[in-house]
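Protein chains: 2
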Amino acid sequence: MIKNDIFLRVLQGQKVARPPVWMMRQAGRILPQYRNLRASLSGFKELVTTPSLAAEVTVQPVDELGVDAAILFSDILVIPEAMGLGYEMEERKGPSFPRVVSNEADVADLLEGDEAATYLDYVYEAVKLTKKLLEERVPLIGFSGAPWTLLAYMTEGGGSKTFSKAKKFLYTQPELAHLLLDKLANTIIAYLNKKIAAGVDAVQVFDSWAGILSPAQYREFSLPYIKKICDEVQGVPKIVFAKDGWFALPELASLDCQAIGLDWTVPPRLGREWVGPHKVLQGNLDPCALYAPASKIRLATEQMILDFQSNHIVNLGHGLYPDTPLDNVKCFVDSVKNFR
Amino acid sequence: MIKNDIFLRVLQGQKVARPPVWMMRQAGRILPQYRNLRASLSGFKELVTTPSLAAEVTVQPVDELGVDAAILFSDILVIPEAMGLGYEMEERKGPSFPRVVSNEADVADLLEGDEAATYLDYVYEAVKLTKKLLEERVPLIGFSGAPWTLLAYMTEGGGSKTFSKAKKFLYTQPELAHLLLDKLANTIIAYLNKKIAAGVDAVQVFDSWAGILSPAQYREFSLPYIKKICDEVQGVPKIVFAKDGWFALPELASLDCQAIGLDWTVPPRLGREWVGPHKVLQGNLDPCALYAPASKIRLATEQMILDFQSNHIVNLGHGLYPDTPLDNVKCFVDSVKNFR
Numbered sequence: 007m008i009k010n011d012i013f014l015r016v017l018q019g020q021k022v023a024r025p026p027v028w029m030m031r032q033a034g035r036i037l038p039q040y041r042n043l044r045a046s047l048s049g050f051k052e053l054v055t056t057p058s059l060a061a062e063v064t065v066q067p068v069d070e071l072g073v074d075a076a077i078l079f080s081d082i083l084v085i086p087e088a089m090g091l092g093y094e095m096e097e098r099k100g101p102s103f104p105r106v107v108s109n110e111a112d113v114a115d116l117l118e119g120d121e122a123a124t125y126l127d128y129v130y131e132a133v134k135l136t137k138k139l140l141e142e143r144v145p146l147i148g149f150s151g152a153p154w155t156l157l158a159y160m161t162e163g164g165g166s167k168t169f170s171k172a173k174k175f176l177y178t179q180p181e182l183a184h185l186l187l188d189k190l191a192n193t194i195i196a197y198l199n200k201k202i203a204a205g206v207d208a209v210q211v212f213d214s215w216a217g218i219l220s221p222a223q224y225r226e227f228s229l230p231y232i233k234k235i236c237d238e239v240q241g242v243p244k245i246v247f248a249k250d251g252w253f254a255l256p257e258l259a260s261l262d263c264q265a266i267g268l269d270w271t272v273p274p275r276l277g278r279e280w281v282g283p284h285k286v287l288q289g290n291l292d293p294c295a296l297y298a299p300a301s302k303i304r305l306a307t308e309q310m311i312l313d314f315q316s317n318h319i320v321n322l323g324h325g326l327y328p329d330t331p332l333d334n335v336k337c338f339v340d341s342v343k344n345f346r
Numbered sequence: 007m008i009k010n011d012i013f014l015r016v017l018q019g020q021k022v023a024r025p026p027v028w029m030m031r032q033a034g035r036i037l038p039q040y041r042n043l044r045a046s047l048s049g050f051k052e053l054v055t056t057p058s059l060a061a062e063v064t065v066q067p068v069d070e071l072g073v074d075a076a077i078l079f080s081d082i083l084v085i086p087e088a089m090g091l092g093y094e095m096e097e098r099k100g101p102s103f104p105r106v107v108s109n110e111a112d113v114a115d116l117l118e119g120d121e122a123a124t125y126l127d128y129v130y131e132a133v134k135l136t137k138k139l140l141e142e143r144v145p146l147i148g149f150s151g152a153p154w155t156l157l158a159y160m161t162e163g164g165g166s167k168t169f170s171k172a173k174k175f176l177y178t179q180p181e182l183a184h185l186l187l188d189k190l191a192n193t194i195i196a197y198l199n200k201k202i203a204a205g206v207d208a209v210q211v212f213d214s215w216a217g218i219l220s221p222a223q224y225r226e227f228s229l230p231y232i233k234k235i236c237d238e239v240q241g242v243p244k245i246v247f248a249k250d251g252w253f254a255l256p257e258l259a260s261l262d263c264q265a266i267g268l269d270w271t272v273p274p275r276l277g278r279e280w281v282g283p284h285k286v287l288q289g290n291l292d293p294c295a296l297y298a299p300a301s302k303i304r305l306a307t308e309q310m311i312l313d314f315q316s317n318h319i320v321n322l323g324h325g326l327y328p329d330t331p332l333d334n335v336k337c338f339v340d341s342v343k344n345f346r
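First to last, the sequence lines map onto chains S and A. Mapping of the first sequence onto this note's numbering: residues 7 to 346, in sequence order. Mapping of the second sequence onto this note's numbering: residues 7 to 346, in sequence order.
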């Protein structure tokens with residue numbers, strides 16, 4: 007029995023005294039404990055692939071910030087890697103792929119489903135260790151990138167402002183794109199189901215690059231694959247976050263999931279109008295609002311809670327930025343926990 | 007008398023047989039004529055600051071593509087430079103500022119209004135030369151960055167995915183931000199009025215980074231300054247393009263301008279609903295759609311024209327990407343010109 011289960015109770019549709027709070031990227035560079043550990047390691051990937059270390063940094067924000075849920079420390083790019091396309095992570099530069107996917111042979115070479123997901127045993131082991139370290143204090147969230155977002159990195163070769171190579175792939179090789187998206191979806195399904203078997207209490211799908219597609223492209227190349235994932239991953243509550251995907255919110259509302267994440271550009275009342283009354287909304291303070299003085303952070307957080315009214319999980323509208331002052335992060339969390 | 011004045015007639019509210027078409031960044035790397043000229047020069051800034059060269063590349067897409075309007079070849083960062091904050095432009099890396107604005111003294115040091123705009127005589131000279139070269143074939147558009155977008159570069163120091171330093175500036179030094187935004191608006195007003203005096207037939211204000219602000223921040227830090235510009239720049243039609251600023255469209259609709267640009271994430275009918283019946287809408291094909299085969303480009307362009315119905319200027323939803331095949335660009339333009 008999880009002691010603080012406010013996060014799960016909201017996802018089950020129960021009324022709670024105040025909304026639960028957690029933050030995307032809460033495990034990471036804002037915490038001195040994380041920076042100390044990270045400095046002793048060879049790189050980011052050592053942290054991701056060593057279960058005891060991943061578990062340790064996953065629990066740090068629960069100890070230090072008092073958030074209502076933990077989210078497993080990992081990376082969305084473990085999926086392409088398990089399928090056979092390795093990534094590198096350079097400090098301050100972000101991820102890159104030495105090889106990219108560009109033709110039929112590249113797609114054919116990729117493993118999929120259980121066969122790929124088996125390579126991620128270190129993740130399932132990290133889930134088990136984290137659950138032990140958490141001692142049932144709060145629930146643990148597992149996550150995956152959405153198929154379109156992973157395809158974007160795999161075809162572009164890394165981060166990009168426009169992802170024009172990835173979009174070119176959709177426009178010029180749509181059938182191959184669908185093949186790759188299906189392989190990705192099958193792998194994500196196997197991966198999330200294994201994470202659930204290992205003990206996660208909820209899952210979140212991140213479609214980080216939703217907002218660079220046109221509504222028509224999103225409808226063709228992203229939504230059907232997120233739908234497949236939502237249909238085939240069962241047993242725990244599911245959250246879908248399509249960053250900058252405001253135009254798809256009415257369609258995301260029909261997915262088999264319990265919550266929809268919103269970025270900070272979507273006014274809470276408009277988000278509720280588009281998503282309808284039945285799903286929980288998660289979000290959506292601008293991460294940069296945490297640069298402001300404490301009094302302003304408190305005010306903005308309280309206003310957001312009032313705007314969402316109910317069926318709400320407090321979060322930021324995107325991951326925490328690494329240079330956010332720790333006290334400001336604490337002020338955000340405390341503003342939610344003290345909300346009456 | 008301008009021979010092909012279809013662009014201006016739409017902006018005056020007249021009915022036309024088919025919508026006019028031009029493209030943001032139509033003067034540039036997609037044209038072999040541009041690449042040849044550019045290869046013979048020391049850098050991008052030589053092209054921007056030499057009136058005869060800027061005029062030459064401005065007219066190239068009229069000759070080569072048959073677009074219905076020319077837009078002066080220049081850069082939005084000439085304004086900070088004229089105010090005293092010089093920028094550099096590195097090939098494939100984008101703009102950067104060796105010095106950034108971070109405190110009161112930095113803002114106090116900047117020139118503003120006519121005093122700054124006077125430093126941009128090379129632009130007004132380029133307008134005059136371009137008008138000569140155009141020989142009244144099509145109208146000439148002048149442009150400026152919006153105050154928020156220019157502040158973003160001046161405080162961030164260059165391009166960024168998050169512009170978190172720029173947003174931190176707004177959250178931590180809001181009064182100083184307002185001072186800077188006002189200086190920028192005053193300079194832009196002087197600049198656009200001088201461009202109009204030199205002969206441009208319309209102006210466009212680019213708020214390229216609208217979409218990274220929350221609706222509340224956009225309302226505080228961007229809209230009032232675009233409003234000031236629209237109020238104080240008179241005599242030619244005005245177009246305002248707030249990229250990714252979907253949430254601000256109902257408010258942009260009340261500006262004293264004739265047209266609103268839309269990016270490719272906004273479905274035309276929703277854009278019309280938000281902007282209302284009185285303004286021209288400009289846009290909004292995904293620039294990446296021009297990577298597709300000709301038959302698909304034609305179909306997508308025709309569908310877009312049908313979706314917008316009337317009061318529409320055809321454009322892309324963002325600037326042309328430099329690696330777009332020239333034939334595909336021609337196919338886009340021809341699809342509009344052959345539309346019945």
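If you're looking for bench data, these hints aren't it; they were derived computationally from the structure. Be careful, since some hints might not be right.
[What the hints assert, rightly or not] Cross-link-like lysine-lysine pairs, in silico, DSBU-like; alpha carbons within 35 Å at most:
#	chain 1	residue 1	chain 2	residue 2
1	S	K343	A	K51
2	S	K167	A	K302
3	S	K174	A	K336
4	S	K302	A	K233
5	A	K343	S	K167
6	S	K167	A	K9
7	S	K174	A	K234
8	S	K233	A	K9
9	S	K189	A	K167
10	A	K233	A	K302
11	S	K302	A	K343
12	A	K167	S	K167
13	A	K167	S	K200
14	S	K99	A	K174
15	S	K174	A	K174
16	S	K51	A	K343
17	S	K99	A	K9
18	A	K167	S	K234
19	A	K167	S	K174
20	S	K51	A	K174
21	A	K137	S	K99
22	A	K137	A	K343
23	A	K302	S	K189
24	A	K234	S	K167
25	S	K167	A	K171
26	A	K234	S	K171
27	S	K138	S	K9
28	A	K233	A	K9
29	A	K51	S	K51
Predicted model only: the values in this text are computed from it and were never measured.
Now for the hints, and whether the structure bears them out:
For the given pair, K343 of chain S sits about 53 Å from K51 of chain A by alpha-carbon distance, which is inconsistent with the 35 Å threshold. A distance of roughly 25 Å separates the Cα atoms of K167 of chain S and K302 of chain A; the hinted pair therefore holds under the 35 Å criterion. Under the criterion of a C-alpha separation no larger than 35 Å, the hint pairing K174 of chain S with K336 of chain A is consistent with the structure, at around 18 Å. With a C-alpha separation of about 27 Å, the suggested pairing of K302 of chain S with K233 of chain A holds against the 35 Å cut-off.
For the proposed pair K343 of chain A and K167 of chain S, the alpha carbon gap of about 31 Å is at most 35 Å, so the pair holds. For the proposed pair K167 of chain S and K9 of chain A, the alpha carbon gap of about 39 Å is over 35 Å, so the pair is violated. A hinted pair counts as satisfied when its Cα atoms are at most 35 Å apart, and K174 of chain S with K234 of chain A does not qualify at roughly 39 Å. As the CA atoms of K233 of chain S and K9 of chain A are separated by approximately 53 Å, the hinted pair breaks the 35 Å bound.
Between K189 of chain S and K167 of chain A, the direct Cα distance comes to roughly 29 Å. Compliance with the 35 Å bound is thereby established for this hinted pair. At roughly 39 Å between alpha-carbon atoms, K233 of chain A and K302 of chain A are farther apart than 35 Å, so this suggested pair is violated. Distance hint between K302 of chain S and K343 of chain A is unfulfilled; the C-alpha atoms sit about 53 Å from each other, more than 35 Å. The suggested pairing of K167 of chain A with K167 of chain S holds, with an alpha-carbon distance near 6 Å, which does not exceed 35 Å.
Restraint check: the Cα-Cα separation between K167 of chain A and K200 of chain S comes to about 33 Å, which is no more than 35 Å; the hinted pair holds. Pair hint K99 of chain S plus K174 of chain A holds up; C-alpha atoms about 21 Å apart against a cutoff of 35 Å. Distance hint between K174 of chain S and K174 of chain A is fulfilled; the C-alpha atoms sit about 34 Å from each other, no more than 35 Å. Note on K51 of chain S and K343 of chain A: the hinted pairing is violated, with a Cα-Cα distance of about 53 Å set against a maximum of 35 Å.
Restraint check: the Cα-Cα separation between K99 of chain S and K9 of chain A comes to about 51 Å, which exceeds 35 Å; the hinted pair is violated. Between K167 of chain A and K234 of chain S, the direct Cα distance comes to roughly 30 Å. Compliance with the 35 Å bound is thereby established for this hinted pair. Taking the CA atoms of K167 of chain A and K174 of chain S, the gap is about 20 Å. The hint holds against a cut of 35 Å. A threshold of 35 Å between alpha carbons decides the hint, and for K51 of chain S with K174 of chain A the separation of about 30 Å falls inside it, so the pair holds.
The hinted pair formed by K137 of chain A and K99 of chain S fails the criterion: a straight-line CA distance of about 45 Å is larger than 35 Å. Restraint check for K137 of chain A and K343 of chain A: the C-alpha separation of about 23 Å stays at or below 35 Å, so the hint holds. Under the criterion of a C-alpha separation no larger than 35 Å, the hint pairing K302 of chain A with K189 of chain S is consistent with the structure, at around 26 Å. Distance check on the hinted pair: K234 of chain A and K167 of chain S sit about 30 Å apart at the alpha-carbon level, within 35 Å; holds.
For the suggested pair K167 of chain S and K171 of chain A, the alpha carbons sit about 17 Å apart, so the restraint of at most 35 Å is met. Proposed proximity of K234 of chain A and K171 of chain S is contradicted: the alpha carbons are some 39 Å apart, above 35 Å. At most 35 Å may separate the alpha-carbon atoms for a hinted pair to count; K138 of chain S and K9 of chain S meet this at roughly 14 Å. Distance check on the hinted pair: K233 of chain A and K9 of chain A sit about 32 Å apart at the alpha-carbon level, within 35 Å; holds.
The suggested pairing of K51 of chain A with K51 of chain S is violated, with an alpha-carbon distance near 41 Å, which exceeds 35 Å.
In summary, the numbered hints that this structure violates are 1, 6, 7, 8, 10, 11, 16, 17, 21, 26 and 29.
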